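2 protein chains.
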Amino acid sequence: MYLSQLFIPVTKDLPAEAKIKSHQLMLRTGMIKQSSAGIYSWLPLGFKVMKKIEQIVREEQNAIDAQEMLMPTIQSSEIWKESGRYDDYGEEMLRIKDRQGREMLYGPTNEELITDVFRSSIKSYKSLPQILYHIQWKFRDEIRPRFGVMRCKEFYMKDAYSFDLTENEAKKSYNKMFFSYLKTFERLGLKAIPMAADTGPIGGDLSHEFIILAETGESQIYADKRIFQLDLSKYESTESSLSQMRKDFSNFYSATDEKFDETKFNESVEKNNQIRTKGIEVGHIFYFGDKYSKPMNCLIDDKSGKKISVKMGSYGIGVSRLVGAAIEANYNNDVMQWPKSISPFDVVIIPSINKNNKDNLQKAEKIYQELKKQNIDVLLDDVDENMSNKFKKHDLIGIPFQIIVGSKSEENKFEFKELNSKSELLSLENIKSKLKE
Amino acid sequence: MYLSQLFIPVTKDLPAEAKIKSHQLMLRTGMIKQSSAGIYSWLPLGFKVMKKIEQIVREEQNAIDAQEMLMPTIQSSEIWKESGRYDDYGEEMLRIKDRQGREMLYGPTNEELITDVFRSSIKSYKSLPQILYHIQWKFRDEIRPRFGVMRCKEFYMKDAYSFDLTENEAKKSYNKMFFSYLKTFERLGLKAIPMAADTGPIGGDLSHEFIILAETGESQIYADKRIFQLDLSKYESTESSLSQMRKDFSNFYSATDEKFDETKFNESVEKNNQIRTKGIEVGHIFYFGDKYSKPMNCLIDDKSGKKISVKMGSYGIGVSRLVGAAIEANYNNDVMQWPKSISPFDVVIIPSINKNNKDNLQKAEKIYQELKKQNIDVLLDDVDENMSNKFKKHDLIGIPFQIIVGSKSEENKFEFKELNSKSELLSLENIKSKLKE
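Here the protein sequences come in this chain order: C and X.
For the first sequence, my numbering gives the first residue as 1, with consecutive numbering after it.
For the second sequence, my numbering gives the first residue as 1, with consecutive numbering after it.
Honestly, the hints are just simulated from the structure, not real lab data.
The reader is advised that the hints may include incorrect statements.
Remember, identical chains collapse to one label, so a pair may be satisfied in a single copy or spanning two.
[What the hints assert, rightly or not] With a straight-line cut-off of 25 angstroms between C-alpha atoms, the simulated SDA-like cross-links for lysine to any residue are:
no., residue 1, residue 2
1, Lys247, Ser407
2, Lys247, Gly289
3, Lys97, Tyr86
4, Lys434, Glu239
5, Lys81, Gly101
6, Lys52, Ile135
7, Lys306, Asn251
8, Lys247, Gln34
9, Lys307, Arg119
10, Lys97, Glu142
11, Lys172, Asn354
12, Lys123, Pro15
13, Lys138, Leu105
14, Lys307, Glu142
15, Lys21, Ile64
16, Lys373, Gly30
17, Lys422, Ser304
Please read all numbers here as calculations on a predicted model, not as lab measurements.
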């Protein structure tokens, strides 16, 4: 893509309400545009990042045999009355009357709807276990939406639901998802810590939040830094290995302020291993047994023919929120550096453009064509602007690799630079292989 | 995927309201489940088909340099008051009050919102032309939703918007999109005819519908069948070629009953070239100039510095509706045959399973592994059921190719069958190359 053609409207005057750096950066680089309070359009740059995150989330769900489907955004109130949450949910639920006066709502979460799908479909233990998921827009009518996409009203989320015959089987599904989440965040280039959590309005008796470290985060967190030394690649998707993984992670202290206990923290973690920082919740998983299946009469025949309530868990990842979280974690000292797996482009070519001399632009166009042929997603900055402005701009856009075609480039060698590192003069062949690593 | 693990709940008792064959088939093969009147969940089989359609639509939009973004589902009423459509739109618009009493709505279309995005972003003719698109859920509060996903309330749609400086430039964008639509439908394996159309509530003075032939369609259509002999591959994406394409298509009579003229039809089309059948609208494109940009004050500086209202068009494809339309066009005599490009799986392996002899199942599993390695998306029917039932079931599921492992297969040869054709005995190598064609 040529930058001059990319729809990337930059906001020069930051609105006063953009208080955190992800919100500011997303406006400054034209990733999003607010359409009304807490509701955003995703412009091409932001959209590309969100889609890359979505695809990684999807692949890691598929890897544990979760099946993708899609539930609608608008739900009937009836199933929420069955579960008992319609009155409980409060004003954050966007309630709607359709033209015939029926009570509908914009789904803030989908436990009821998936239970309704499941109870009419699966009747026998033979069809279990099942994990179903979807990636869909949700709505929470926040009274004070803020922090851009981090706490907005309309947000994009992956939510999965597991169905098992027994609590013991359900815990296996829970562990599989736990593992899948850690792998997902690792692929996204983010350090996430699982923390035992309260279950809140979802309910149940077992729950973990996944928190990304970021100094601007909303939650205070306390952890043993050795938790980051655990190597995910040593676990396999077997029952015993995943059970070991859960044990290994729970060996290291980690808590949000909700559950923090100063004495226990100091007793169990040496001073120099203690992390006290802030974090952002990007995932939350729950086991809640028959909390929904029982009132909603979602029954399964067990081996003896007895009808029992299916045991369920639910598992969320905030896909749109992760875009903001990735910025909070990777934007420092006026330089944003996207993790390679979710960068909007793989590399940007920055030619020094001179009105009387188009040599650099022509060289840049040649490189562009070469890289395109290799399926490298490349941005060419063909805007007529001085180099110092260009560099400042690309420090914000955050594409991790740059090819600079200017005074330092030689006949067949170009400056190649990873953000936050020094540049080196490399041939195009060498650049290609670096990018393909 | 193993069929026994696929979440594919079959509905045995068809609801009385399932009157057309796509609605019936989608329920019978567990592609969708109704959650409330006119609102559906997409189960894994239906979801896969819809995603394949979405991806083809996306690729053909990208091919004409349209840029993908995403607008939210919930919009403020304010922009609709600016354009004047808030009162006009009637009860099909799902109107919502948020917790603070603000008037919101679930977008039935996005002309207002995209104009709002555009006017705050682009100020100069230098940034034109632009085409932006998104693929997003829309809502129309139909008084009588029917025909399954063909006329439902919550539906998935690609809508694109073009922005040009002059009417002449805008017509070029229109022609590019016209071309892109024809290529899209061709890749989807569907025969679509463009027809001059009325502009309805979108407005404007130039409009085409794209109609798929299907005897169960909702619109009566009249066309010259030679329109199908036009070869898309002979046109290029240049102004003159696309202008020629428009001329060539308009040389052949085609009209819905809305615009039909019996005398003109008989005068311009020989009897044996006349098609009188029904059709389904799957796309609609509009040029409407400054209908939105003028009242919404979306101004662009032209070369002389004069501010003029940008010239716009909008272009829709019903992605969820296309799933139903593809069934209407390809489901005959109790056999569904998905076009290869949008089939939920590339091929199904059907072993004859005998309780005392697992040989066929084991052979089938070997073939399954081999095909997976080649990135062929394969379904293995491991359900313990007699072959006659299996064949009936797969006639409905509609995967175009079958590998049958049963009495006719030899040591290294298996029955390979394209639906609606005769089977042949082929080696696995030959089967692989057939599937890769």
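A quick look at each hint next to the structure:
1. For the identical chains of this complex, Lys247 and Ser407 are neighbours neither inside a copy (56 angstroms) nor across copies (51 angstroms), given an alpha-carbon limit of 25 angstroms.
2. For the homomeric pair Lys247 and Gly289, the shortest alpha-carbon distance inside one copy (21 angstroms) is at most 25 angstroms, but the shortest distance between copies (64 angstroms) is not.
3. With identical chains, the CA atoms of Lys97 and Tyr86 are at most 25 angstroms apart both within one copy (14 angstroms) and between copies (18 angstroms).
4. For the homomeric pair Lys434 and Glu239, neither the shortest alpha-carbon distance inside one copy (38 angstroms) nor that between copies (40 angstroms) is at most 25 angstroms.
5. When the C-alpha separation of Lys81 and Gly101 is checked against a cutoff of 25 angstroms, the pair qualifies both within a copy, at 17 angstroms, and between copies, at 24 angstroms.
6. Proximity of Lys52 to Ile135 under the C-alpha cut-off of 25 angstroms is found in both arrangements, the shortest distances being 13 angstroms within a copy and 16 angstroms between copies.
7. For the identical chains of this complex, Lys306 and Asn251 are neighbours neither inside a copy (39 angstroms) nor across copies (69 angstroms), given an alpha-carbon limit of 25 angstroms.
8. Proximity of Lys247 to Gln34 under the C-alpha cut-off of 25 angstroms is found in neither arrangement, the shortest distances being 44 angstroms within a copy and 42 angstroms between copies.
9. Taking identical chains as interchangeable, the C-alpha atoms of Lys307 and Arg119 lie at most 25 angstroms apart only when both belong to the same chain, with a minimum of 12 angstroms there against 60 angstroms between chains.
10. Taking the closest pair of Cα atoms, Lys97 and Glu142 come within 25 angstroms of each other both inside a single copy (19 angstroms) and across two copies (14 angstroms).
11. For a Cα distance limit of 25 angstroms, the shortest separation of Lys172 from Asn354 qualifies neither inside one copy, at 62 angstroms, nor across copies, at 32 angstroms.
12. Proximity of Lys123 and Pro15 under a CA criterion of 25 angstroms is satisfied inter-copy only: 20 angstroms between copies versus 54 angstroms inside one chain copy.
13. For a Cα distance limit of 25 angstroms, the shortest separation of Lys138 from Leu105 qualifies both inside one copy, at 11 angstroms, and across copies, at 15 angstroms.
14. Neither within a single protomer nor between protomers do Lys307 and Glu142 lie at most 25 angstroms apart by alpha-carbon distance, with minima of 40 angstroms and 39 angstroms respectively.
15. Taking the shortest Cα distances, Lys21 and Ile64 never come within 25 angstroms of each other, neither inside one copy (35 angstroms) nor across copies (35 angstroms).
16. Taking the shortest alpha-carbon separations for Lys373 and Gly30, neither the intra-copy value of 28 angstroms nor the inter-copy value of 41 angstroms comes in at or below 25 angstroms.
17. Taking identical chains as interchangeable, the C-alpha atoms of Lys422 and Ser304 are never at most 25 angstroms apart, the minima being 68 angstroms within one chain and 45 angstroms between chains.
In the structure shown, a violation is registered for the earlier hints numbered 1, 4, 7, 8, 11, 14, 15, 16 and 17, in ascending order.
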